[in-house]
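The listed protein sequences correspond, in order, to chains A and B. Residue 113 in the working numbering sits at position 113 of the first sequence, and the numbers go up by one each step. Residue 114 in the working numbering sits at position 114 of the second sequence, and the numbers go up by one each step.
Calculated from the structure, these hints are not laboratory results. Beta carbons: idealized from backbone N, C-alpha and C, even for Gly. Don't take each hint at face value.
[Unchecked claim] Stretch-level coverage of chain A by chain B, calculated; a stretch enters the list once three of its residues show a Cβ under 8 Å from a Cβ in chain B:
{"#": "1", "segment": "79-85"}
{"#": "2", "segment": "88-98"}
{"#": "3", "segment": "114-127"}
Take a look at the letters that make up each chain.
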Amino acid sequence: MAETGTAASRLVMDADQIARACARMAHQVLEANRGAAGLVVLGIPTRGVALAERLAAAMTEVEGVPIPVGSLDITLYRDDLRRHPTRAVGRSRLPAGVDDAVVVLVDDVLFSGRTVRAALDALGDLGRPRAVRLAVLVDRGHRELPVRADHVGKNLPTRSDERVSVRLAEVDGVNEVTITAGPGESGDEPGRAS
Amino acid sequence: MRHLLSAADLSLAETTRVLDLAEEMAQVQARPVKKLPALRGRTVVNLFFEDSTRTRSSFELAGKWLSADVINVSAKGSSVSKGESLRDTVLTVASMGVDALVIRHHASGAPGQVVGWFEASGIDAHVLNAGDGTHEHPTQALLDAFTLRRHFRRTEPDRDTFDGLVVAVVGDVTHSRVARSNVALLRTLGAEVVLVAPPTLMPSGVGSWPVATSTDLDEVLPEADAVMMLRVQRERMSGGYFPTPREYTVGYGLTRDRLARLRPGAAICHPGPMNRGLEISADAADAAGSLILEQVAAGVAVRMSVLYQLLGGEDLPTNRGDH
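This is chain B alone, in the form it adopts within the complex (with noise of 0.2 Å):
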């Protein structure tokens, strides 16, 4: 693995790989030194050009707990405001001579892109994808799959994937790189994805994706193992793709009353930050079922372990498909 930029590239091996080694990581989040000298040495850079608060944060914790420097450089506050373009910040960062970039941007691709611009300019520094636009969010997806397979794993202790599992992924899929890096990831899994949005939010390709759509969410959710909730992302909409709120709720939140729909056992995901009271409700999201803090907690443990696989080993420039 040289770079991080889709969900759709790990492998069910690389995938259970990172999983595994997350685990080991979250032992150390327990520990009274949380410090590993893994990454002695290495540099890591976040990138943001888009506001976070736990990506970011946990990006930030989980190298300096491998022992990296980290620094972070947001697009408020540094030359990006004074009109500096993507290639010119990303290219003058790696010059310093990082190991890797963390990139968060508005831009679906970006990451992408970057990894160009560093090949051509002969960069080997390893690109992670912390989200970019409508796109993809892997290290999400990741960390969803972690908390997923431990709550799984309370009744079914030997479960590996999710093969015969059904993950309802709920709302605003049309925007949500999270929906995309997580339908990738649960397919590799073996779980089935349903897809569940009003027909103004599911994306006009979904026929091709590996997945079944519905409109229904009180007739999905009996059928669930897992409802993911989406949050309604009204920063990126330009307004008419639900009339109200309120109707919203109706339809698709998860709300008190549906919460008696759920299967027993059933886990409850919401990537954060949430809107308590629009795509989900309190009860819901404070439900014994709710895995929402773990999955925060989750975070930093499978961010180190992607450090790890990306940066861990020697450095190899020319050998892109190593693992």
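Next comes chain A alone, as it looks inside the complex (with noise of 0.2 Å):
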């Protein structure tokens, strides 16, 4: 899997790997849920939705139970929409109603936390879930707001100007997490990295 990596770009998670921390985190959304009662599955587009899926059908491998699957597009939650050339939106499709569930949002990496504090906003506005969890497959720190995961699949040190891509089979064609250093001016579209 090495071959995959160029020069200025290291591989941190391979394919086996990305699959082995979904595993457990799926494990892991359970047990603090004490079973699949009340889940629904939220990922956040574009990667997000790739994992959350993962996490979805990995739990009801386990516990034998069809466990909801979504998304939830937050960009007209975003806080930084004046910045930018007006952004693309992403599907929203709930699968089931978010109230009184226990809602588990789901994201590629972890960064400044806006990502996150924009899909609160979003799921307050659909509902009043019972508890809201995060999953996400890297944590890459550098946070800008109080936010944390509950489920971590790599913890990653990282400096604050290298970018993490997350490349996972369903969109890209590969399984890979890889760190490129130095100003971001990589050639491939990175996976959503706030």
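With the hints as a guide, dock the two chains, each given alone in a separate frame, to form the complex.
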């Protein structure tokens, strides 16, 4: 797998490590929730949705009951809309009501915490969950808001100017997490890193 | 997209983006909290020089559900009734620092003229055409396309364009800005368009439009996947376009008898307000294939989508061609 990393980027998780991290997080979510009751898993587009589906599938396998899984796009809740040209809005698909549910938000990378802040605002407009949990594949630090994840696939110490790219088979055709040095001018489209 | 003046300015990609986002916005309509923060701090002015119920109220709701501040100015009760010119009115409103002006005006080309004045005065406000004379009504065409796409997706879930579909636009084409905008947008989406009207209500330059024309509704109906009935705009007519309303109905009304000539599953649209019994019968308006209420419901979602496309990003006063 090392050949997928270029000179400037370093592989930090390969497909096996991502799969093991997802399996472990699925068990942790079920353990913390004491089973699957009331769980609704919502991925934040784009790659959070693929991860949410993997987590839900893994939990379904353990518990033997289908776990509702969907997507929650947070573009319209971002705090930086006016700093960029009009952003494309992704799909939101709720599999079930969020009132009194235990919503597990899933994203690929936890960085500034601003995406999670936006997701909490979006959830609040959809209903009143009993609890909201956060599961991320990579926590790279450098929080700008008081946010922390409940379930983390890998804690990855980074410098703030490095770029963490999560690539998943469903979106990118390959499963890997890479870290790119320096002020980001990588040619690859990185996973959402905010 | 900086302004929305004409449906003809929209590419297929832009149209699809507006319709796709409108699908997301439509979900907001079904939520307990119908509010998105995307346009917080933006100000939208609805400037209506002609009467309107659905367009004005749906633009107002669209702005409010996106958290913009919306004010309505109508010609009645404003300085317009004291004789203030369009130019002075829009420059006055714009100089208060608004981000977008939604304009309906009885003169064709008025919103385009406003853009010219804004550019000459260095004003950055976005301009949306909410219907100008007999020229265009682009958000109506977008909501018609949105409603039709949903209709066709019920049987073909993957349908993104209207390739291979025939849409008949029937009635008072001459006076209809809805028809002009719909012709442009339906063609962009790939539909074949047939205009059906009595010769007196067919525009004189129609030969250069990318459409087929007919004067025989009964011949066209069995071919159409969708029928758009146009309102007979008696307020824009000085008389003499057809002998009597009864004769118009016999020739061009969507009567109960004509319903039977429609293809199974064909859609019936009308931009409203309807003249029931004139261009459309009560049976047709309330038929199973009628999308008329869906069109109204789509109005807010589509206008939310358009407002977000225009106002949702950073201010780019000089970047006119930006999408």
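Holds or violated: the segment 88-98 of chain A covered by chain B, criterion of 3 or more residues with Cβ-Cβ distance under 8 Å? holds (count 4)
Chain B over the segment 79-85 of chain A, status - at least 3 residues with CB closer than 8 Å: holds (count 5)
Cut-off 8 Å, C-beta pairs, minimum 3 residues; does the coverage of the segment 114-127 of chain A by chain B stand? With 5 residues in contact (Cβ-Cβ under 8 Å with chain B), the coverage given for the segment 114-127 of chain A holds.
Every hint from the earlier list agrees with this structure, and none is contradicted.
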